[in-house]
Structures are given as C-alpha cells and as structure tokens.
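Read off the chains here:
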Amino acid sequence: AQTVTQSQPEMSVQEAETVTLSCTYDTSESDYYLFWYKQPPSRQMILVIRQEAYKQQNATENRFSVNFQKAAKSFSLKISDSQLGDAAMYFCAYEANSKLTFGKGITLSVRP
Amino acid sequence: NAGVMQNPRHLVRRRGQEARLRCSPMKGHSHVYWYRQLPEEGLKFMVYLQKENIIDESGMPKERFSAEFPKEGPSILRIQQVVRGDSAAYFCASSLERDGAYEQYFGPGTRLTVT
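These protein sequences, in sequence, are chains D and S.
In this text, residue positions in the first sequence follow the numbering used here: the first is 6, and each later residue adds one.
In this text, residue positions in the second sequence follow the numbering used here: the first is 1193, and each later residue adds one.
Hints in this document: simulated from the structure, not taken from any laboratory.
Treat the hints with caution; some may be incorrect.
Said to hold, decoys possible - No more than 20 Å apart at the CA atoms, straight line, and that leaves these computed lysine to aspartate or glutamate pairs for EDC-like:
#, chain 1, residue 1, chain 2, residue 2
1, D, K60, S, E1289
2, D, K109, S, D1278
3, D, K109, D, E20
4, D, K83, D, D36
5, D, K60, S, E1232
6, S, K1254, S, D1278
7, S, K1263, S, D1248
8, D, K83, S, E1260
9, D, K104, S, E1264
10, D, K104, S, E1260
11, D, K78, S, E1289
12, D, K104, D, D36
13, D, K109, S, E1233
14, D, K104, S, E1210
15, S, K1236, D, D31
16, D, K78, D, D31
17, D, K109, S, E1232
18, D, K104, S, E1233
19, S, K1236, S, E1260
20, D, K104, S, E1249
Stated by the list, open to error - Some, not all, of what chain S presents toward chain D, calculated at C-beta under 10 Å:
#, residue
21, E1210
22, G1299
23, G1301
Stated by the list, open to error - Pair by pair, the computed Cβ-Cβ distance ranges are:
#, chain 1, residue 1, chain 2, residue 2, range
24, D, Q13, S, E1264, 41 to 51 Å
25, S, I1246, D, I51, 45 to 55 Å
26, S, D1248, D, I51, 21 to 31 Å
27, D, S33, S, N1245, 25 to 35 Å
28, D, N72, S, E1244, 39 to 49 Å
29, S, R1212, D, E22, 28 to 38 Å
Just so we're clear, the structure is a prediction, and the values are computed from it rather than from any experiment.
Backbone N, C-alpha and C define an ideal beta-carbon position, used for all residues, glycine too.
Starting from the given sequences, assemble the full structure and let the hints guide the process.
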C-alpha cells in the first residue's frame, strides 16, 4: 500500500522569505504522480503543483517549486518570496491508478 | 467554466437519519471521486466513479455508505443511519485525463455534523 508522510506538523516563515515543506512517500509503483495541495481556512483544496515520476526535471509554478528525489522517495515543496496569502495547510499527495493518497498535512504560518 | 459544486455546504443530522451529499463535476469531466477529511487529518479516499459505474470503492465503509453517478444529474454520496463518527468534511473531486494523469479538482466540501 502507498503511504505519504509529512513529519512536520507546523512551520513558520517570515514574509518575503523562502520555506521548504518536506514529504516522503512509499510505493512499489514505477509510474505515478505527485501533487501538493493547499487548504486555506475556507477549506477549499487548491492544486499548487504536480510532478510526473518519469520526469527528472523538477516542476515549477511561479513562486512554487519542488525538489523531487525519486530514489529517496522525497518530494519537497519550496515557496519563495512568501506572502501572507500563503498561510494555509499544505498536503502532499501521491496518485496512482486514479486514486490520491494524502499525507496528514502541515500548517504553514506567515509572519508579517 | 464553473468549478466542482457541492451541496449542501453544511449538513446537520441526528443519529439514525440519512445524509445525502451532492456533487456536480466540472463541465466535461466524467470522473468523480469522494474523499473524507476528519479533524486534523488529510483526506482519505472513499470511492471513484465514472458515469453509471463504480470504478474503485476500496475506501468505502462496508455498511451504510453508498455512492452513485447517474447518467444525468449529480453524483450522490449517501450515508444511512448516521452515527457521530460520520461527522467530517466530505470532498468531491472531478477530473479529466491530462498527459496520463487524472488531475483532480476539488469542490468546497460538505461539512456533516451528526448530533
């Protein structure tokens, strides 16, 4: 069975600084996808970024980028130039066979 | 293009009543998924449906829970004889296949409270 581990329950970052959120996963599949979702206080799940396991190049979306280490089964999210609106819960997720498996999430706070 | 719609947003039921949660996927999406989120937890997969078919229900409790996605109309998650432990946020997602991945877009969720 696939598992996704987010070992840090909370993190804090100063506005305009950079923060990295960690995620590891376990799978026996060779073909899969990884995602980071953001859940603000409204509880809406918002897709932040995705990474295909077959791609060596790390995905980037504006201020968001990932560090994907396939051999280590690690998938961290880097947020650059942090903004107050980035404060939320962030969930790492693994997808294979159309099913998402989520980690427990990390609460990110942004200090003005 | 409207996003995934769920209603109601909040639902209160007494123990033993039935709860019916509705989900309308994004236009053009034919895949629907239901997830449950308990407090302080990540989302847990429940069921994956395509039109008129259940594809994967490995996350559904064996009793009291059912889901459908009819040819016409929204997908329905039905919980019979609710108990306090069913209190949670229930999220629906829909997807198209894009580059081999089923990129899922989520609705705002239905918060079920069982009193």
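Structure-based check of each hint:
1. D:K60 - S:E1289: This hinted pair holds, its Cα atoms lying about 18 Å apart.
2. D:K109 - S:D1278: 19 Å, holds
3. D:K109 - D:E20: Distance ~25 Å between K109 (chain D) and E20 (chain D) Cα, so the pair is violated.
4. D:K83 - D:D36: 23 Å, violated
5. D:K60 - S:E1232: 32 Å, violated
6. S:K1254 - S:D1278: Answer holds: K1254 (chain S) to D1278 (chain S) is near 14 Å, not above 20 Å.
7. S:K1263 - S:D1248: OK: K1263 (chain S) and D1248 (chain S) at ~18 Å, within 20 Å.
8. D:K83 - S:E1260: Not satisfied, since the Cα-Cα distance of roughly 39 Å exceeds 20 Å.
9. D:K104 - S:E1264: At roughly 24 Å apart (the allowed maximum being 20 Å), E1264 (chain S) and K104 (chain D) break the hint.
10. D:K104 - S:E1260: 17 Å, holds
11. D:K78 - S:E1289: Not OK: K78 (chain D) and E1289 (chain S) at ~24 Å, beyond 20 Å, violated.
12. D:K104 - D:D36: Given pair K104 (chain D), D36 (chain D) holds - Cα atoms ~13 Å apart, limit 20 Å.
13. D:K109 - S:E1233: 5 Å, holds
14. D:K104 - S:E1210: Not OK: K104 (chain D) and E1210 (chain S) at ~27 Å, beyond 20 Å, violated.
15. S:K1236 - D:D31: The hint holds at about 16 Å.
16. D:K78 - D:D31: 7 Å, holds
17. D:K109 - S:E1232: At roughly 7 Å apart (the allowed maximum being 20 Å), E1232 (chain S) and K109 (chain D) satisfy the hint.
18. D:K104 - S:E1233: 17 Å, holds
19. S:K1236 - S:E1260: With a Cα-Cα distance of about 18 Å, the restraint between K1236 (chain S) and E1260 (chain S) holds, given a limit of 20 Å.
20. D:K104 - S:E1249: Holds - the C-alpha atoms of E1249 (chain S) and K104 (chain D) are around 10 Å apart, at most 20 Å.
21. E1210: With a minimum Cβ separation of about 24 Å from chain D (threshold 10 Å), the hint on E1210 (chain S) is violated.
22. G1299: Since chain D brings a Cβ to about 8 Å from G1299 (chain S), closer than 10 Å, the hint holds.
23. G1301: 5 Å, holds
24. D:Q13 - S:E1264: 41 to 51 Å: About 45 Å separates the Cβ atoms of Q13 (chain D) and E1264 (chain S), which means 41 to 51 Å holds.
25. S:I1246 - D:I51: 45 to 55 Å: With Cβ atoms ~27 Å apart, the hint is violated.
26. S:D1248 - D:I51: 21 to 31 Å: Between D1248 (chain S) and I51 (chain D), where Cβ atoms are some 24 Å apart, the hint holds.
27. D:S33 - S:N1245: 25 to 35 Å: At roughly 27 Å between Cβ atoms, N1245 (chain S) and S33 (chain D) fall inside 25 to 35 Å, so the hint holds.
28. D:N72 - S:E1244: 39 to 49 Å: For E1244 (chain S) against N72 (chain D), whose Cβ atoms are near 42 Å apart, the range 39 to 49 Å holds.
29. S:R1212 - D:E22: 28 to 38 Å: 46 Å, violated
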